[in-house]
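Take a look at the letters that make up each chain.
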Amino acid sequence: MKKRLNVLALILAVTLMLSTLAACGSSNNGGSTATNKPSNGGSAEPAKDTIKALLPPVSGNFQSNFDQMEKEFNELYPNLTLQIEPASWEDMTQKLDTQVNAGSPPDIAFMGSGGISKYLQQGMLMDITDVITDEMKNDFDAIPYDYMAYQGGQYGFPAYMEVHALGGNQKFLEEAGIDWKSVQQNGWTYDEFREAIKAGVVQNADGNGNTRYGFVFATAGVASKDYLQILAKSAGMPYFFDADMKYTYTSQNFLKLLTAVRDMIDDGSMPKELSSVDAGKRWNMFLTGQTMITGKGLATFENSANLNNAKIKANDGSAVAGSIEAQYIVLPVPAFFGNDYVPNTVVDGYVTFRGKKEPTQEHKENVAKAAYFLASGKVAAQTNNDLFSAHITETARKAAESMEVNRLPENVTAVENMLSHAVANRTDIPVEKAADAIKIETEVIVPKLQALLANEITPQEMYDAVKAAAIKTFGEDGIVQD
Amino acid sequence: MIQTVKPSTKKRKIKGDSVWGYTFIAVALLVFAMFTAYPVVSAFIISFQEYKPLGSTWVGLENYKDTFASELFWKSIKNTVIYTILTVPFALFISFAVAIMIIPFKKWLQTTFKAVYYLPAVASGVALSVVWLWIYDPMKSGIFNKVIGLFGIENQNWLGSSATAMLSLVIMSWLSSHGTSIIIYLAALLGIDNSYYEAAELDGANFFHKLWYIVIPFLKPTTLFLLVTGIIGSFQVFQNAYLMTGGGPDHATTMVGLLIFNNAFTYFEFGQASAQSLILAVIIAVISLIQFKFLGNDVEY
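Chains as they are written, first to last, in the numbering used here: chain A, 1 to 482; chain B, 1 to 301.
Calculated directly from the structure, the hints in this document are not laboratory data.
The structure displayed is predicted, hence computed values, not measured ones.
Ideal Cβ placement from N, Cα and C applies to all residues, glycine included.
Each hint should be verified, as a subset may be incorrect.
Stated by the list, open to error - Label-pair ranges, simulated between beta-carbon atoms:
1) B/Val286 with A/Asp206: 51 to 61 Å
2) A/Thr360 with B/Tyr118: 27 to 37 Å
3) B/Glu71 with A/Gly322: 36 to 46 Å
4) A/Gly153 with B/Trp74: 39 to 49 Å
5) B/Val122 with A/Val423: 45 to 55 Å
6) B/Val19 with A/Gly153: 53 to 63 Å
Same shape as in the complex, but just chain A:
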């Protein structure tokens, strides 16, 4: 009897232990890329293969369409199965990084093209140049297509090219006397911008002592890198490195930019609590009328604003608390100190990964087919329409002809205008340099910017700190000195 109890207890204990290991087992099976049966010499049927994709909510309806997408892909290629794993924007990087570092990443992951150098340095990206057909390549617009290339290799397909801009409230802009139509067509200089946002400040706008600010930009949380990056592009520093591979954020333009950042707060046009404004807060402030211009602004925000306006009109209580009806106006970032306006164009797309084992040629072809399916045609047309972003493939443009979009025509023209100023992607920067630049940005620039915004250091001190870090990383000869 005692022995039987012992055995029973032992079985329970082992079961408990095995259940903790069960999680290990499934993730190991998840990533292997070379498990397909090699097709026999005489067999006409292509071998079965599974392609795994890790995708965040690219657009509002994206994740609810996953089953439909998997089905359509399987109809197109009956021997291939597309397995999509959903992730949120917050944990997308975490999930991907964990899988990459374990050596078993998904075949396709959706991310910004800026991250390609980081994963290339780890050696985990799959170059699909040799399996891309001419038909696939010619479908894409040249500039966004090149964003997914790096140092001679093609690492996926672009989904869209977005311009990071600012967003204005039409009514407040007109109240402040700003000719927004002219700004959309011709852009504005920093001096014009500074005056405009000063004019947009209204003290005690809601009667409760809350100021309406002229300009708000999200600088906290996941949005922390955006502010300087977007402004720097139009301040004579379109890339981290210039044509001679020297680090550009040590030029006088950067110091002038930091001073401008400080000035806009000291003028009273931006809140002094700017360093705590995150993406959610900046949008909330726009919808509740606490700011005239918000940043960063994506074209799709117009859709969000329209949806909220509809909710207010319908009086159904689900609108944002305290929000007002607002017509969203796309506005370009100002050009600083006589430099050209360079929009911060961001290309997000489907990047192809490889695991520890070398992938077979067949599997590479299948992954390329899956990535192309996601980045073109109906899937891309639906996604880009939901995002209010321009189509970058011919097949998507064709598919979108039958879809309805509700946008202000001036905004459509404004975005096209900004995109026409887009600069080509730099594919010549070595991965180590790019990784070092990203490290300086995360470890020095962003923290110091938070202190600058909180008025704890001067622009000169921040500039000196960035310069010191740049010299330490790249040497005296590796930085711009002017």
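With chain A's structure known, arrange chain B on it following the hints.
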């Protein structure tokens, strides 16, 4: 049981019992070996390499040299020490005070209070952070700002300025889960025999005398345990800093745990992160040893 059989069977019988013992331990030992011992050994090896998933290169003590030369590392150690000094003693004091206040109640009331105080431990840290971010909203309409506005103080940028960022995290810790400590203190308090209190009352002791001369000495083992585990936990603090401030502004709230996390998962420098985590482990071990030496000489568990 009297053994009258030959020595060989006698050995077998004793072996039979201990085999069960070892078998049961083996399960836990296996889990420990796989999930605790192996990663520590692996981290030790990685700390001497520049780690890449597809093949690492041996760099010897370079990671350790870089760590000791890194200003950010020492700043994070300083932040962590400040955080520990501000939170651990206060947490002990609060849980002790609450336990003392709960002990006179009836059994069912004690249980109710214990459950109430323990509830935050069950809530998700992320959900708590979302609420606290709302409380610390920097505009005039933020909850904390409204409260201090009643005293005429200007609205503060709680999480965005160096002066108040650390204070905000500390306040968050003061007002958070003391449930575990309270329950442990209550259990210890219940173990003090009533005869001691009666004897003290006969000698004319008031509440504070009883507290100082009976309760606190009796609770010394518990206090030492909570102090040691509190300091170990506080040195490893990561969640609040990561979710609330991300280590900012300007690294004012970057703790060692967060620094290691950034090195490993943001910059992909696993070698350096492993070196830093081993250095942290040594620091914690030394502090715990010192605590046992000074406070725990006469403590037996």
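These are the hints, each one checked on the structure:
no. : hint                               : result
1   : B/Val286 with A/Asp206: 51 to 61 Å : 56 Å, holds
2   : A/Thr360 with B/Tyr118: 27 to 37 Å : 55 Å, violated
3   : B/Glu71 with A/Gly322: 36 to 46 Å  : 45 Å, holds
4   : A/Gly153 with B/Trp74: 39 to 49 Å  : 41 Å, holds
5   : B/Val122 with A/Val423: 45 to 55 Å : 52 Å, holds
6   : B/Val19 with A/Gly153: 53 to 63 Å  : 59 Å, holds
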